[in-house]
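For the record, the sequence lines run as chains A and B.
First residue of the first sequence? That's 17 in the numbering used here, and the numbers climb one at a time after it.
First residue of the second sequence? That's 18 in the numbering used here, and the numbers climb one at a time after it.
Keep in mind that the hints were calculated from the coordinates and are not lab data.
All figures in this text were calculated on a predicted structure; none of them were measured in a lab.
Taking lysine-lysine pairs in the BS3-like style, the calculated list, with each CA pair at most 27 Å apart, reads:
#1 102(B) - 368(A)
#2 102(B) - 141(B)
#3 43(A) - 141(B)
#4 102(B) - 43(A)
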Amino acid sequence: MADGNRGFVAATRLVAEREVRTFLRAKGFWIGLAVVVVGLFALSVLPSVLGGGPTKVAAVGAKAAAVLADSGLEVRAADDVDAARELVRSEEVVAAVVPDDAGQSATGLRVVALNDPPVDVLASLRTAPPVDLLDPSAVSQGQRQLAIMVFALVFLLFGMSGSAIAQSTVTEKQTRIVEILVSTIPVRALLAGKIAGHTLLTLGQVVVVAVVGPVALSLGGHAELLHLVAPALGWFVPFMVLGFVLLAGMWAVAGSLVSRQEDLGSSMGLVMLLVFGPYFAVMFQSDNAGLMTVLSHVPFSAAIAMPVRMFAGQAQAWEAVVSLGVLAATAVVVVLLASRLYAGSVMHTGGKMALAKAWAGRDQA
Amino acid sequence: MLTVTSIGRSFGDHRVLDGVSFEVRSGRMTGFLGANGSGKTTTMRIVLGVLAAHSGTVTWRGEPITGAVRQRFGYMPEERGLYPKMGVAEQIAWLGRLHGLDTAAARRNTDRLLDQLELAHRAKDNLEELSLGNQQRAQVAAALVHDPELLILDEPFSGLDPIAVETVLGVLRDRAASGVPVLFSSHQLSVVERLCDDVVIISGGRIAAAGARDELRTRYGKPRYELVVAADAGWVRDVPGISVSDVDGPRAVFEVVAEGAEQTVLDAARHRGPVRGFTPVVPTLDEIFLEAI
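Please work from the sequences and hints to get the whole structure.
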């Protein structure tokens, strides 16, 4: 028995190794990853680079306007301090220079900013005036939405990349090499190897994203966003990987039910629904706290909904742990079910096989 | 030695194999003959564990076949297939490792085989870039890479040009000579005739005949002789104890019905004039095949 186990592990490793090698050699894999990395940089760096010419600043009163006159900043005159504050809040200007009524300032001016002392504004004032921050911790709504969108997109991308397992299974069926494989190693080792290989590939990519994301954010000057995203990223990696394993078993079955690439579309529907459903829900309903709470505990959507809730600060750590546990248990059950369906259908040729028949139909010795 | 004992298998209501028994002996090439749909491929798949038997047993060296044992078998399925987008040498070496070789041995065996099969110059190409004949050679290499203890080949020569047939034949003969039992199916009887030591004939899911080729010849072919004389041989028809199958001018072919009757014919021929030829006719596998099924 120990001998058999060693054989199983060795076979699983070899299958995984082949899957990983094949994909590392495919151009599409690198292009996909490059698009994600470039996209992350584009989203976080470009707005501050292209972010529109000179820094905009509001000025209240003649003294403020005079000080800012040769600063090279774009100055907008505001009627009073309240109007200037409103401009800052709505992010039409990065800061406002207003008269200092409290007498703390040597220049008789104060600077009002949202959450970050505006370095370039302060530099242009010969003597640094006191700075009032309206909301020291705030991340703008736009940034929040953007971060959620990136989480959801990455989930969609990696969820769909599992279809490579279905592709690889159908290729083996279509070329009939599956007959050699099944006569050599246990069917379950074939399935386990595929899941392990592609999970490894996904883990690698998720880690790349989790490393590149923060680098991109800090290059883009979104230090405050990074502060919020970092812990969510920590959760995102295990959730993504377990979520992938859950889907991987189903992708493999989708592949084993059909015998030709052309028929793959007919068997992938359910799995695609399980990827796109959570994606759309999170994209468009991330404000719906009730729905998000439910989604973050349903194993099929937890992989994306829980990290987003962690990011938005809506969930406690223990919730994430519970959800991760449920997800892990479900992944184990689904993979076990999938291995029976896979074994029952991988040698089948002809049209699409019904699930019930695959369940009953293990036909190998 | 591989022993197949009364295996049966049905697909739905259709009984494909019924009490199939035969042996594949060490160091011998065993030809597996049968018409299309007679159960050859099903039998082979059952031996390889790709398909389950509904009854009967298959044993290797007297023991039931486990996964670890089967890993050391070599199999070339009827419907060919390797990974189209993977390098030839790379995937053959990978299959060698899957069969339990370590990386170095797998590489060594792959190089040696590709050399023997005259495919070394395509080693780095993807399989799909090869001609069908060369893909077939790669398939043979894939079945042999791990120095299998038993070789099972389903129609190994179909799709090969005559030169490739000789190349593959040479490789298979080497294996058989080194003591490996080889079972291969074919419907090209002339190839089997030349090649095999033992023959198993299957018909309608049952074994019609099995044994050494030469033994089957004597068992199934009645003794026949060809006589060539100087003049017309029509008189042979009147000799008792034989059954004439063909007379064509000075040439006659007859079956011996009463033992020793061929000597009577020879005496009569010598008596009548010069005898140009007198030879026993060995039945071809075609004839055995047709008679057996």
